[in-house]
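Chains as they are written, first to last, in my numbering: chain L, 1 to 297; chain V, 1001 to 1117.
In short, the hints are calculated from the structure, not lab data. One should not assume that every hint holds.
To be verified - Mimicking SDA-like on lysine to any residue, the simulated pairs with C-alpha atoms at most 25 Å apart in a straight line are:
#: 1; chain 1: V; residue 1: K1117; chain 2: L; residue 2: K74
#: 2; chain 1: V; residue 1: K1117; chain 2: L; residue 2: K117
#: 3; chain 1: V; residue 1: K1087; chain 2: L; residue 2: M103
#: 4; chain 1: L; residue 1: K74; chain 2: V; residue 2: A1083
#: 5; chain 1: V; residue 1: K1066; chain 2: L; residue 2: L98
#: 6; chain 1: L; residue 1: K117; chain 2: L; residue 2: E149
#: 7; chain 1: V; residue 1: K1014; chain 2: V; residue 2: H1050
As the list claims (entries may be wrong) - Residues of chain L clear of chain V, computed beta-carbon distances all greater than 12 Å:
#: 8; residue: S82
#: 9; residue: F87
#: 10; residue: R124
#: 11; residue: A150
#: 12; residue: D256
Claimed, not checked - Stretches of chain V that chain L covers, calculated by requiring three or more beta carbons in the stretch to come under 8 Å of a beta carbon on chain L:
#: 13; segment: 1006-1018
#: 14; segment: 1098-1106
Think of the CB as a built atom: it goes at the ideal place given N, C-alpha and C, for glycine as much as any other residue.
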Amino acid sequence: MDPKRKSNLIVSIASGKGGTGKTTVSASLACVWKKPVLAVDLDVEEPNLHLFLNPEISHQEKIYLETPVVDESKCTLCRMCSDLCQFQAIKVMGETLLTFTEMCHGCGGCLAICPEKALSPGQRELGILSQGSSLGKISFLMGSLRVGEAMSPPLMTIVKKRMMEILGKERADAIIDAPPGVSCPAVCAVMDSDLIILVTEPTPFGFHDFRLAWESFSSMGKPMAVVINRAGLGDSSVYRFCDEKKLPILASIPYDRNIAQAYSKGQVVARLSPELEHKFSDLARELQGYDREAAYA
Amino acid sequence: MSRIAVTSEGPTLKDMVDPRFGRAGGFVLVDPETMEHEYVDNGQSQAMAHGAGIQAAQVIADSGAKVVLTGYVGPKAFQALRATGIKVVQNLDNMSVGEAVEKYKSGHVDYASHPNK
Ligand code: SF4
Ligand code: SF4
């Protein structure tokens, strides 16, 4: 653990598929969190945490990736850059050096290796980083991917870097709304957190995706816990699995039409009734007191 | 006449045209006059997660072929082939490599101006 931020807890809210209520859980937790908290939307392809938290945005900036630009008069077509690039983003074709900017990961390798200094840094816009605050007490941070941009991890990495800077200054905890799924962006979102909360529905489909998420995240060796949404639906397979794998079920949110309606209107579920507020407060307390060492045991 | 490259499922003129460009099994390079041919494996591009089409385009460029006969070409590979002046004939799947070359020689083909995938 990084000693600099020992006092900051980072909790990721993830799910194997979209539509499980991951974002409403994230928003609810942020609302009832006792300590200063930073709510981070890392679901950059479809950010929607702001719809629940209605933050006031005080700062926005465009984020760019550094990609190579070729000076043809200097290039000798030696292919050192194209042999290096794993992503086929720079290629010698016949007598020309082509760049495929949209495939570049911005590693800078080609710029460093070119013996003729024929490459210079250019830019590809990745998206927008927004910062603000909600209800006067929740700090808010969001990445939104540019429409047409195919890669989320580079933007997510920059948002996470900003998150760490804020945590370093504010002594706040962070709640990350992670992208759904089990692929590279989902792993990228949760990999710096102290604790991963998997939100799932107890239906057969829900269980299938939940299990995939558990499989792909468990290799990171981070403590995981479960929140069940729409409890009362489906069957017992999620419960049995959690029992078998010793995954704590921290809360279950009942299946209820009022909740579903509130959700579709962008209301924070924790604010719906005193009961739900209690549920989330208990959950928040449990997470805040989460003993990291014990969780690994 | 310079050689033409045909995406192929195997090394001979009797093998079927592989409809995929980037992930083709390989390329049969054919001299359309003598029908002499040689096979270039595309295994390296086939295994790539990304950019298989671009890698395959480079294999073609390096082979010196000026025309590609295939089924479908993706946008990036198309861009790469075009930048090198290599012409592309698409929609030649469901036939053998030899048949594709004959069709090309008969002139009953169009050079593609856009990728079809
Ligand atoms: S910066 Fe990295 S990914 Fe981009 S073209 Fe250069 S080597 Fe490839
Ligand atoms: S390494 Fe430099 S000189 Fe060599 S092909 Fe790339 S850009 Fe051209």
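Now for the hints, and whether the structure bears them out:
1. V/K1117 / L/K74: Since the Cα atoms of V/K1117 and L/K74 sit roughly 35 Å apart, the hinted pair is violated (cutoff 25 Å).
2. V/K1117 / L/K117: violated, 36 Å
3. V/K1087 / L/M103: Distance of about 24 Å is within 25 Å: holds.
4. L/K74 / V/A1083: Holds, at about 19 Å.
5. V/K1066 / L/L98: holds, 18 Å
6. L/K117 / L/E149: With a Cα-Cα distance of about 28 Å, the restraint between L/K117 and L/E149 is violated, given a limit of 25 Å.
7. V/K1014 / V/H1050: violated, 30 Å
8. S82: Non-interface label fails for L/S82: nearest chain V Cβ at 8 Å, not farther than 12 Å.
9. F87: violated, 6 Å
10. R124: At roughly 15 Å from the nearest Cβ of chain V, L/R124 sits farther out than 12 Å, so the non-interface label holds.
11. A150: It is violated; L/A150 is separated from chain V by about 10 Å at its closest Cβ, not greater than 12 Å.
12. D256: holds, 43 Å
13. 1006-1018: Our answer is that it is violated, as 0 residues pass the Cβ test (under 8 Å) against chain L, missing three.
14. 1098-1106: That given contact is violated, which follows from only 0 residues of the segment 1098-1106 of chain V lying within Cβ reach (below 8 Å) of chain L.
When each numbered hint is compared with the structure, violations occur for hints 1, 2, 6, 7, 8, 9, 11, 13 and 14.
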